[in-house]
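Numbering-wise (our numbering), the sequence shown opens with residue 1 and increments by one.
Bear in mind the hints are in silico, worked out from the structure with no lab data behind them.
As the structure is a computational prediction, the values presented were derived from the model and not from experiment.
Note that CB positions come from ideal geometry on N, CA and C, so glycine has one too.
Incorrect hints may appear among the rest.
Said to hold, decoys possible - With a cut-off of at most 30 Å between alpha-carbon atoms, the simulated DSSO-like pairs for lysine-lysine come out as follows:
#1 Lys160 x Lys216
#2 Lys179 x Lys110
#3 Lys179 x Lys89
Stated by the list, open to error - If you anchor each label on the Cβ, the simulated ranges turn out as follows:
#4 Glu147 x Ser189: 22 to 28 Å
#5 Arg262 x Asp125: 39 to 45 Å
#6 Glu98 x Thr274: 20 to 26 Å
#7 Glu263 x Lys89: 28 to 34 Å
#8 Glu283 x Lys89: 42 to 48 Å
#9 Pro226 x Lys127: 44 to 50 Å
#10 Tyr149 x Ile93: 25 to 31 Å
#11 Ile93 x Asn289: 44 to 50 Å
#12 Asp290 x Ile93: 42 to 48 Å
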Amino acid sequence: MLCSTTRIPRSCSESRQFDRQRNPTGIRDERRRLKPPDPLKGLDLPRIFLYAKTTFLRRAMLKAIIFDCDGVIVDSEPHHMKALQHVLKEGGITLSEEAYFAKYLAMDDKGCFETALSEHQRPVDNKILKGLIIRKMALYKAFSQRELYLYPGVVEFVKKAAGVYRLAIASGAFRGEIKFALDKGGMRSAFPVIVSAQDVKNGKPHPEAFLTALAKLNERPPVPNPPIQPKECVVIEDSLHGVEAARLAGMKCLAVTNSYARERLEGKAHRIVTSLTEIEPKELELLCND
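The whole structure should be built from the sequences, with the hints applied where relevant.
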């Protein structure tokens, strides 16, 4: 005769006794009962990817952001061009707008005058260059005092970044021109380090300006330990020479299309935006993680 086994349900008291044997303390696992909120709930796939990269993959590697000034913070190129054209015209040299943006845009004042004089077979020496630069600076200051525009989103971007990262300016402009632009936007205190044309021997695309800015950031208290490395910096640039200088310095580069079309910057900058209103400072961490 075959015997069938019938499963007999435990009584409530037996069930509680069984549970106590499995968990003698009688305390339930709170982690099962109180599940933390899902940070990914409601996010689309691109945002989930962004969350994953910034949260789990070498988070907060970015430590410093280095800005160009002209063409990134302030729309000063029209004034620089007009002042340069005026000074050259006094010497009988005509510079078109097309030629300026094609060749002279990324040069400092010394480079502009050296190039223009050489192309027109004019003598070039330090005394001549100094006089031309002083004349051009005076004209630029006069034009800027009448009107000088900050690019949209710059002030807000700098204020957000200043509380998290170390900031510096590395520009081919003169120190007085840079400070004038920063003062206009109330951003002077956000940039403890300013590297101008007066602080370097080589203009962009040479990386000297960016490497000098990084060295000065590493010297400012509280002194970072270990020192900030080039790979932990992101440069914000507008010019082809500036983007190349960032690459040669070993830094990642965000390019804004204020001076050059996107097509000319593609393949050179690590990311391209039309305006700083399109991006948050924290997103630059992704560039360092790539």
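Next on the checklist: Hint check: Lys179 vs Lys89, CA-CA at most 30 Å. Holds or violated?
Outcome noted: Within the cut-off at roughly 28 Å; holds.
Checklist entry - Taking the CB of Glu98 and the CB of Thr274, does the distance hold inside 20 to 26 Å? => result 22 Å, holds
Item to check | C-beta pair Ile93, Asn289: status relative to the range 44 to 50 Å that was hinted | outcome: 48 Å, holds
Checklist entry - Cβ-Cβ distance between Glu283 and Lys89: within 42 to 48 Å? => result 44 Å, holds
Item to check | Distance restraint hint 28 to 34 Å, applied to the beta-carbon atoms of Glu263 and Lys89 | outcome: Holds - the Cβ-Cβ distance for Glu263 and Lys89, about 32 Å, lies within 28 to 34 Å.
Next on the checklist: Does the beta carbon distance between Tyr149 and Ile93 stay inside 25 to 31 Å, or does it fall outside?
Outcome noted: With a Cβ separation near 28 Å, Tyr149 and Ile93 satisfy 25 to 31 Å, so the hint holds.
Checklist entry - Falls inside 44 to 50 Å, the C-beta gap from Pro226 to Lys127? => result This hint holds: roughly 45 Å between Cβ atoms.
Next on the checklist: With the threshold set at 30 Å, check whether the alpha-carbon distance from Lys160 to Lys216 stays at or below it.
Outcome noted: At roughly 22 Å apart (the allowed maximum being 30 Å), Lys216 and Lys160 satisfy the hint.
Checklist entry - Taking the CB of Asp290 and the CB of Ile93, does the distance hold inside 42 to 48 Å? => result With a Cβ separation near 44 Å, Asp290 and Ile93 satisfy 42 to 48 Å, so the hint holds.
Checklist entry - Cβ-Cβ distance between Glu147 and Ser189: within 22 to 28 Å? => result 24 Å, holds
Item to check | Assessment of proposed distance window 39 to 45 Å (beta carbons of Arg262, Asp125) | outcome: Holds - the Cβ-Cβ distance for Arg262 and Asp125, about 40 Å, lies within 39 to 45 Å.
Checklist entry - Is the hinted pair Lys179 and Lys110 satisfied, with a Cα-Cα distance of at most 30 Å? => result 20 Å, holds
The earlier numbered hints are all upheld by this structure, with none contradicted.
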